[in-house]
Amino acid sequence: MTTRPSDDLHNHPHDPLDELPEGHDPAAFDADDSIGRLGRRSFVGYVLAGSTLVVAADLSVGRAQRADAAVPSAPQIPELYDLEDLQTDSALPTSALITVTIGKDGRAKFAFPRTEVGQGIITSTTMILAEELDLPIDKIDVTLSKARPELLLNQLTGGSNTTFSTYTPVRVAAAIARQQLLKAAAIQLGTNVDRLFTTGGVVSDGVTNLTYASLAGDAASQVVERVRVQLRPQEKFKVIGRPVSRLDARDAVTGKKKFTTDLKVKGALPTMVCRPPQHQGSPKRLRNRSAILRMPGVTHVVTIPTGIAVRAKTFGQCIDAIRAMKVDWNPGTVDNQSDATVLAKLRKQELPMVVPKDLPALAQTVETNFAFAFRSSAALETYAAIADVRSDRAEIWAGLKVPILAQQNIAAVTGLPQDRVKVNVITGGGSFGHKLFGDHAIEAARISKAMKVPVKLMWHRADEPRQGRLHPMATSRCRATIVAGQVVSFEQRHTSVTTDFSHGLGEMLTSLADELDPIGLGGLGFAESIFSLTQELPYNFGALTQLLNEPLEFEDKFSTGSMRNIYSPDTCVAAELTIDQVAKKLGKDPFKFRMEMLKNDRVKAALQKVADEGRWGRKMAPGTAQGIAIHKEYKGCTAVLVEIDCRPRTVNRNLGKETVTGPRVTKAVIAVDTGLVINPRGLEAQMQGGLMDGIALTLTSSNHLQDGKFLEASWDNYFYTRQWNVPKDVEVHIIKSKSQTPGGAGEAAVGSSAAAVACAYARATKKVPQYFPINHAEISFKPKSFVPPVPASPTNGLKFTR
Amino acid sequence: MPKQTFILNGKTVTVNVRDDVRVLWVLRDILGVTGPKYGCGINVCKACTSHINGKAFNPCSVKVGDLKKKDRITTIEGLDETWPGPGLHPMQQAWIDRDVAQCGYCQPGQIMEAVALVKRVRRQGREIRDSDLDKIRNICRCGTYVRIREAIEQGARKMR
Numbered sequence: 001m002t003t004r005p006s007d008d009l010h011n012h013p014h015d016p017l018d019e020l021p022e023g024h025d026p027a028a029f030d031a032d033d034s035i036g037r038l039g040r041r042s043f044v045g046y047v048l049a050g051s052t053l054v055v056a057a058d059l060s061v062g063r064a065q066r067a068d069a070a071v072p073s074a075p076q077i078p079e080l081y082d083l084e085d086l087q088t089d090s091a092l093p094t095s096a097l098i099t100v101t102i103g104k105d106g107r108a109k110f111a112f113p114r115t116e117v118g119q120g121i122i123t124s125t126t127m128i129l130a131e132e133l134d135l136p137i138d139k140i141d142v143t144l145s146k147a148r149p150e151l152l153l154n155q156l157t158g159g160s161n162t163t164f165s166t167y168t169p170v171r172v173a174a175a176i177a178r179q180q181l182l183k184a185a186a187i188q189l190g191t192n193v194d195r196l197f198t199t200g201g202v203v204s205d206g207v208t209n210l211t212y213a214s215l216a217g218d219a220a221s222q223v224v225e226r227v228r229v230q231l232r233p234q235e236k237f238k239v240i241g242r243p244v245s246r247l248d249a250r251d252a253v254t255g256k257k258k259f260t261t262d263l264k265v266k267g268a269l270p271t272m273v274c275r276p277p278q279h280q281g282s283p284k285r286l287r288n289r290s291a292i293l294r295m296p297g298v299t300h301v302v303t304i305p306t307g308i309a310v311r312a313k314t315f316g317q318c319i320d321a322i323r324a325m326k327v328d329w330n331p332g333t334v335d336n337q338s339d340a341t342v343l344a345k346l347r348k349q350e351l352p353m354v355v356p357k358d359l360p361a362l363a364q365t366v367e368t369n370f371a372f373a374f375r376s377s378a379a380l381e382t383y384a385a386i387a388d389v390r391s392d393r394a395e396i397w398a399g400l401k402v403p404i405l406a407q408q409n410i411a412a413v414t415g416l417p418q419d420r421v422k423v424n425v426i427t428g429g430g431s432f433g434h435k436l437f438g439d440h441a442i443e444a445a446r447i448s449k450a451m452k453v454p455v456k457l458m459w460h461r462a463d464e465p466r467q468g469r470l471h472p473m474a475t476s477r478c479r480a481t482i483v484a485g486q487v488v489s490f491e492q493r494h495t496s497v498t499t500d501f502s503h504g505l506g507e508m509l510t511s512l513a514d515e516l517d518p519i520g521l522g523g524l525g526f527a528e529s530i531f532s533l534t535q536e537l538p539y540n541f542g543a544l545t546q547l548l549n550e551p552l553e554f555e556d557k558f559s560t561g562s563m564r565n566i567y568s569p570d571t572c573v574a575a576e577l578t579i580d581q582v583a584k585k586l587g588k589d590p591f592k593f594r595m596e597m598l599k600n601d602r603v604k605a606a607l608q609k610v611a612d613e614g615r616w617g618r619k620m621a622p623g624t625a626q627g628i629a630i631h632k633e634y635k636g637c638t639a640v641l642v643e644i645d646c647r648p649r650t651v652n653r654n655l656g657k658e659t660v661t662g663p664r665v666t667k668a669v670i671a672v673d674t675g676l677v678i679n680p681r682g683l684e685a686q687m688q689g690g691l692m693d694g695i696a697l698t699l700t701s702s703n704h705l706q707d708g709k710f711l712e713a714s715w716d717n718y719f720y721t722r723q724w725n726v727p728k729d730v731e732v733h734i735i736k737s738k739s740q741t742p743g744g745a746g747e748a749a750v751g752s753s754a755a756a757v758a759c760a761y762a763r764a765t766k767k768v769p770q771y772f773p774i775n776h777a778e779i780s781f782k783p784k785s786f787v788p789p790v791p792a793s794p795t796n797g798l799k800f801t802r
Numbered sequence: 803m804p805k806q807t808f809i810l811n812g813k814t815v816t817v818n819v820r821d822d823v824r825v826l827w828v829l830r831d832i833l834g835v836t837g838p839k840y841g842c843g844i845n846v847c848k849a850c851t852s853h854i855n856g857k858a859f860n861p862c863s864v865k866v867g868d869l870k871k872k873d874r875i876t877t878i879e880g881l882d883e884t885w886p887g888p889g890l891h892p893m894q895q896a897w898i899d900r901d902v903a904q905c906g907y908c909q910p911g912q913i914m915e916a917v918a919l920v921k922r923v924r925r926q927g928r929e930i931r932d933s934d935l936d937k938i939r940n941i942c943r944c945g946t947y948v949r950i951r952e953a954i955e956q957g958a959r960k961m962r
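Residue numbers (our numbering), protein chains in the order written: chain A, 1 to 802; chain B, 803 to 962.
The hints are simulated quantities; they were obtained by calculation from the structure and are not laboratory data.
It should be emphasised that the depicted structure is a prediction, and the values quoted were computed from it without experimental measurement.
In this text, a Cβ means the ideal position worked out from N, Cα and C, and glycines have one as well.
One or more of the hints may lead you astray.
[Unchecked claim] Distance ranges between label pairs, derived from CB positions:
hint : chain 1 : residue 1 : chain 2 : residue 2 : range
1    : A       : Leu655    : B       : Glu883    : 31 to 39 Å
2    : B       : Glu883    : A       : Lys266    : 26 to 34 Å
3    : A       : Asn192    : B       : Pro886    : 55 to 63 Å
4    : B       : Arg962    : A       : Arg653    : 25 to 33 Å
5    : A       : Lys422    : B       : Lys813    : 45 to 53 Å
6    : A       : Pro233    : B       : Pro886    : 47 to 55 Å
[Claimed, not checked] Straight-line distance between alpha carbons at most 27 Å, and here's what the computed DSS-like set of lysine-lysine pairs gives:
hint : chain 1 : residue 1 : chain 2 : residue 2
7    : A       : Lys109    : A       : Lys139
8    : B       : Lys870    : B       : Lys921
9    : A       : Lys238    : A       : Lys736
10   : A       : Lys592    : A       : Lys738
11   : B       : Lys813    : A       : Lys258
12   : A       : Lys736    : B       : Lys857
13   : B       : Lys921    : A       : Lys799
14   : A       : Lys657    : B       : Lys813
15   : A       : Lys313    : B       : Lys960
16   : A       : Lys183    : B       : Lys921
17   : A       : Lys592    : A       : Lys766
18   : B       : Lys805    : A       : Lys264
19   : B       : Lys870    : A       : Lys799
20   : A       : Lys799    : A       : Lys657
21   : A       : Lys266    : B       : Lys813
22   : A       : Lys736    : A       : Lys604
23   : A       : Lys313    : B       : Lys870
24   : A       : Lys146    : A       : Lys236
25   : A       : Lys799    : B       : Lys805
26   : B       : Lys857    : A       : Lys256
27   : B       : Lys872    : B       : Lys805
28   : A       : Lys256    : B       : Lys813
29   : A       : Lys657    : B       : Lys857
30   : B       : Lys921    : A       : Lys728
31   : B       : Lys870    : A       : Lys728
32   : A       : Lys667    : A       : Lys619
33   : B       : Lys960    : A       : Lys728
34   : A       : Lys139    : A       : Lys256
Let the hints inform the model, and build the full structure from the sequences given.
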């Protein structure tokens, strides 16, 4: 890569640094493009004091300008300000604390205060740095930052927000680094910066080449220096927007990639916990402690609030010890509750609709009410954490999306000052919301403190659906009113078991409360605020309201959290199924009706794309059908078209015991407009993965609550999408966006996929399902034992060599 | 404590461990070979899939005492050594070319399953069909299944 500084880099030594940013860029999408509008002005940042070049961006200047945002006339809050903005604004005040270093070896180093759990942010962030630094990707080291409390709300990975919130700060820091290297080279060569150019880690005047390595020391500053810089214009991008494979791909396929339980920490022996049969129960006492301590390999046994912890030479010996434990348990938090009782309570708490059902004769009403079962957010890597707690300090290793909060909680449970708790963030084996909470790290710290030895804690698979984080059960009720062929109102009432937001999003709302007040969030609770910041139905449906109620009676009753999205997959399924019903009532085609009603051009373009590419309306055999749906969130949108096969010979495929087959999605076409695309190859992967989640949510994956216990205990009970339900034909179309800011990708395809599958299923079977997933009513497995709480490890594996 | 001897990734190893410890924990907790992953411990998720004498098996469900001295265990770490050409095994290369891995946790097991599958159908004198891919039980919670299918087809073409 070669770039002449005269094209895109200017120094403004005399500009007042407090100059106001330019106004809104009319070319940008929507009114919510708060970061994008900064794109064409200069930015300020710092060169920090040090022996080599260290730089940081300062985005707090831009933030001060946003409080004047007008109250929108548009009916829905996310069109002006959404959850992405909230997370981004929360990160801005501390952006200057995130530094990029150019080492004397010429390599760029960046400790990223976000967590890689498979979404590809290390790769995409390396690309962003490469773009502004003019440095090859293989000379850039992006690592995961340990917990840094000074970052406050700027170390939370969630809401598909990473690239949106870090894109500009990372670019500014990189651009400053390059500018400083150019300045140092100009002094050495006795010339001006504008006669120099950078390429591949070298500054050159066309005759002499100076490597970044040779300049890093000279470019360093003795004092902290405030500078300004301009960013490379988008039309000159050479790295951003090109497909790049994951930087850890080789490590992943050779077994070298290390996850938490793969780490070797001296003395940290395998540790597991014997957990109560009831959801959120607790131990009263272990009756056979000395017998357990005598078991092979066992070194320590302690009682902690969540169960009985055992440490042994191998995890297998921990499992054996757990199965031998005789424990008296205290009750759980929902002992008399089952799916049906929880659902009945939710139904009773549904907020009323405003538009009455019994309207004059000319009006028609479409009324729907859907239920969504509990689901487990667990990743394939179960909760795992290494803890070494000493009397005066502690060190933790774990996959954590909010490591600062984990650090605070660990300090609290160990009685140590927060600065004596070092929290190392390890790449996670998936998250999907699972690692927003520090349950595993806090539990490991408690155990290590009690045992007085280092521990490598791992949850058993059975622990995850039974005691781990769940996506809450919910109902979603919709009412659409049609007068003279027009939809005059669309109301949605979502009612959910309490979602736990104690992972940091709640704190963001508190800290920005004054700014959120004018847009209408004043007085709403955390959950209702998050709901309002994420829900947007981009249709012209007259009076449109979407409201959430999370009844107080469920508070702290269930262990809950997000699951590759918060509310949107459920609300999207409910709304899009209802829209299909409205179209039917009006005698209109579901695709054409949506195109008439959609008010946003980006969404329309995505929908048109999938209809064209997926041949919407083609003749389908009886028992099969197409379905189509859209979702708008994360500064972008997706449209999905699927074809489903619900014929008996498909539904009843027999692939062996405890194998749920059911209907099969045979084809999926996804169109995504996520704004500026950093890495199209990574974006396509996120769309494919989101589709698999959408298929599972609608067709197969759920948890059953029975008398305060969750029945599921492993992947032969919890039916996440498997190869036999993967569509053979999956297309992803990335739309060239009008927006210049990168949106979110990780969760973007889940809601629209789940909805498209639900719509297709309803059309194929001519029956609108009322309960999701559609197979929830049937328990197609024999529940594993609750006492002991983990299944025995089989010994017949050699019979199944293949 | 009994001595357990078997061949691991081409080298004979001997470990002092009780007969009933499952091979997965011998590999991971005692020998420090961490390519095979834990995902369920009951032979369901297939994240630990490795090879015994060239066929796929799940070490979470085999007692180390059931291994014989001449049993050749291959984990993802030793897969490239089983292929005569230089560099990675063609299936690993296919995984890189298709950029399959997201979090990467299940992928060692997926690759070991794929290699065994190709060898199995070749023993049956045929090529891989869609119905073979449908029967793969390995879970990928990131949902990389589409690229896994593409990579297996590429890897199979190169495994000749």
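Hint-by-hint comparison with the structure:
1. A/Leu655 / B/Glu883: 31 to 39 Å: 33 Å, holds
2. B/Glu883 / A/Lys266: 26 to 34 Å: Hint holds: Cβ distance 30 Å, inside 26 to 34 Å.
3. A/Asn192 / B/Pro886: 55 to 63 Å: Given a distance of about 59 Å, which is inside 55 to 63 Å, the answer is holds.
4. B/Arg962 / A/Arg653: 25 to 33 Å: Once the Cβ atoms are compared, 32 Å apart, the range 25 to 33 Å for arginine 653 of chain A and arginine 962 of chain B holds.
5. A/Lys422 / B/Lys813: 45 to 53 Å: 37 Å, violated
6. A/Pro233 / B/Pro886: 47 to 55 Å: Hint holds: Cβ distance 51 Å, inside 47 to 55 Å.
7. A/Lys109 / A/Lys139: 9 Å, holds
8. B/Lys870 / B/Lys921: Status holds; Cα separation ~23 Å.
9. A/Lys238 / A/Lys736: With Cα atoms ~16 Å apart, lysine 238 of chain A and lysine 736 of chain A stay inside 27 Å; holds.
10. A/Lys592 / A/Lys738: 24 Å, holds
11. B/Lys813 / A/Lys258: 23 Å, holds
12. A/Lys736 / B/Lys857: 46 Å, violated
13. B/Lys921 / A/Lys799: 18 Å, holds
14. A/Lys657 / B/Lys813: 37 Å, violated
15. A/Lys313 / B/Lys960: 42 Å, violated
16. A/Lys183 / B/Lys921: The hint is violated at about 60 Å.
17. A/Lys592 / A/Lys766: 20 Å, holds
18. B/Lys805 / A/Lys264: The hint holds at about 24 Å.
19. B/Lys870 / A/Lys799: 15 Å, holds
20. A/Lys799 / A/Lys657: With a Cα-Cα distance of about 16 Å, the restraint between lysine 799 of chain A and lysine 657 of chain A holds, given a limit of 27 Å.
21. A/Lys266 / B/Lys813: 26 Å, holds
22. A/Lys736 / A/Lys604: Holds - the C-alpha atoms of lysine 604 of chain A and lysine 736 of chain A are around 13 Å apart, at most 27 Å.
23. A/Lys313 / B/Lys870: 23 Å, holds
24. A/Lys146 / A/Lys236: 34 Å, violated
25. A/Lys799 / B/Lys805: Cα-Cα ~24 Å, so holds.
26. B/Lys857 / A/Lys256: Holds: lysine 857 of chain B and lysine 256 of chain A sit about 22 Å apart, inside 27 Å.
27. B/Lys872 / B/Lys805: 14 Å, holds
28. A/Lys256 / B/Lys813: With a Cα-Cα distance of about 19 Å, the restraint between lysine 256 of chain A and lysine 813 of chain B holds, given a limit of 27 Å.
29. A/Lys657 / B/Lys857: Answer holds: lysine 657 of chain A to lysine 857 of chain B is near 22 Å, not above 27 Å.
30. B/Lys921 / A/Lys728: 23 Å, holds
31. B/Lys870 / A/Lys728: 41 Å, violated
32. A/Lys667 / A/Lys619: 14 Å, holds
33. B/Lys960 / A/Lys728: Measuring from Cα to Cα gives roughly 22 Å; hence the hint holds.
34. A/Lys139 / A/Lys256: 20 Å, holds
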